[in-house]
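Visitor: Those protein sequence lines, which keep their order, are chains A and B. So in our numbering, spot 252 of the first sequence is number 252, and the numbers just go up one at a time. So in our numbering, spot 135 of the second sequence is number 135, and the numbers just go up one at a time.
Note that these hints are calculated values from the structure, not bench results. Every value quoted in this text rests on a predicted model; they were computed, and no experiment measured them. Beta carbons are placed, not taken as given, at the ideal position from N, Cα and C, and that holds for glycine. Heads up, a few of these hints could be off.
[Claimed, not checked] FRET-style restraints, in silico, Cβ to Cβ:
1. B:Gly-220 x A:Ile-66: 49 to 59 Å
2. B:Asp-154 x A:Leu-124: 54 to 64 Å
3. A:Ala-161 x B:His-79: 19 to 29 Å
[To be verified] Computed list of chain A residues with no C-beta within reach of chain B, every gap over 10 Å:
4. Ile-66
5. Gln-76
6. Thr-98
7. Val-100
8. Glu-104
9. Leu-169
10. Pro-246
11. Ser-259
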Amino acid sequence: MTAPALYSIVLVLLTALAAGLVGSFALMKRMSLAGDVISHVALPGLGIALLLHFNPLIGAAATLLIGTILIWRLQQGRTLTTDVAIGVIFTAALAIGTLVTPSEDLIEALFGGFQSLTLPWFVLGVFAVSGIIAFIYSFRHKLILALFSPELAAATGINVARLDLYYLLIFSLTVLLGLRFLGALLVGALIIVPAATGRQLTHTLPAFLTASSAASVLSVAIGFLINRYYSHLTLGSVTLNLSLGPAIISVATVLFLLSLLRKKI
Amino acid sequence: MSLLTVKNVSVRIEGKVIVENLSFELGPSDTLSILGPNGAGKTVLLKALLGMVPYSGEIVWEPSVRIGYVPQKIDADRHLPLTYSDLFESKCQIAKVPIEQIAKVSRIVGLTKETLATPVGHLSGGYFQRGLIGFALIGKPNVLLLDEPTASIDEPGEVHIYELIRRLQDEYKLAVITVSHDLSFVYRYASRVLCLNKRSVCMGPPREALNPDVLEKLYGPSFGYYVHDHGNSADS
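Could you build the full structure based on these sequences and the hints that come with them?
Guide: Here it is, written out as structure tokens:
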């Protein structure tokens, strides 16, 4: 295996670890739906960057940043129409992104794929993952109080609105890291589905965080192996195209379904 | 010496007057009960005292004051994997107080190790409320603000909570501000009562401040009450 391929594998596994932690808090904050669709905002950025021939990740980062601030403002409003607005804006982003993305790049932009990494991008990725894990570790006490009761957290001196913004930015950074491997349509699922598995299996916070991260890393590892060795699996007359993103999320979904059969630990 | 001075405080939310021109003081070891009907501005007043809502006028806390706050109601998600052990630890870390306070506070409010390790959504109303009081006690407050501390628990549980508040006040010399609907609580435990219906309707020791006229102003003419006081009673 070449060094760039190895960099990619290491980074996607580290991203999965971070996604498990970030997803656990997303689930507890009851933002599974918003979390899942926030990744769709990356698509118009990806498309515009591909059209104009600059780095797609920069385009995705720009629209993700705008989307993050938008969702934060909508959440602060806490009106009945928030869910509607989120649903409309983020599905519209998906439609606009699909329109502007060149057709030859669309499948990869939506569903991702395996891409080798240069050393500088790998180092930058590892730095970003470290930042995400450091944030969750440093802010865990504030996040815990805020999700138990925003009012009690505010009375304890926590700026809950600012904490929400920081968390959403970290969520978007996780999306950005997973984007090249899972695509704009599926990367949100890497954050949410393994956390849902972890929640099914546990009832204490440390166990939940550990199980979510383990489910996420396991999904990526098994999904990667399936993609590498069975990318075109033939079952009778049907040939399955098991590209990386769909393979990972399929494994994550199977793990979730299996978790429904197990007792909590 | 006053721990708290409130002077000409008004609160408006979205242009609507919620609390108007209110003034009072809180001394050390005072138990001030804020009494009033629904929508009278009691919870908003507590939030103004905590700096959680904007207000006009003056709210001045004595610099040595450390506040513990027990909110009215928390709809804890039954599925949250959080325990009071997690929440107490988080408060200790945020307030930068030694983690050893958890054991002491748990003993004071009567939470066992098993209760501390139970997800909060699975606790009974009484234990949930004890946990909230324990949470407020971390950081050794000298003023406790309680917003209807017995709103979601049954009658025997109410007595336990009231006795706990009384014991905290006696043993730790806390000043207490309690929002309450419960007249028997006000008579038994409060040293002063503030009757609130947007404006101050009465202020003073309960047996002096509360009379049929005041209660009618607060709750309307259909309100009836009875005070048993060593043979003296009043009906309206």
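Visitor: Decide, hint by hint, whether the structure agrees.
Guide: Right, here's what the structure says about each hint:
1. B:Gly-220 x A:Ile-66: 49 to 59 Å: Roughly 53 Å apart at Cβ, these two residues keep to the hinted range, so it holds.
2. B:Asp-154 x A:Leu-124: 54 to 64 Å: holds (58 Å)
3. A:Ala-161 x B:His-79: 19 to 29 Å: holds (25 Å)
4. Ile-66: holds (29 Å)
5. Gln-76: Its Cβ never comes within 10 Å of chain B, the nearest being 15 Å, so this holds.
6. Thr-98: holds (35 Å)
7. Val-100: holds (39 Å)
8. Glu-104: holds (44 Å)
9. Leu-169: Its Cβ never comes within 10 Å of chain B, the nearest being 21 Å, so this holds.
10. Pro-246: Fine: 29 Å to the nearest Cβ keeps Pro-246 (chain A) off the interface.
11. Ser-259: Non-interface label on Ser-259 (chain A) holds, nearest chain B Cβ at 14 Å vs cutoff 10 Å.
Checked against the numbered hints given earlier, this structure breaks none of them.
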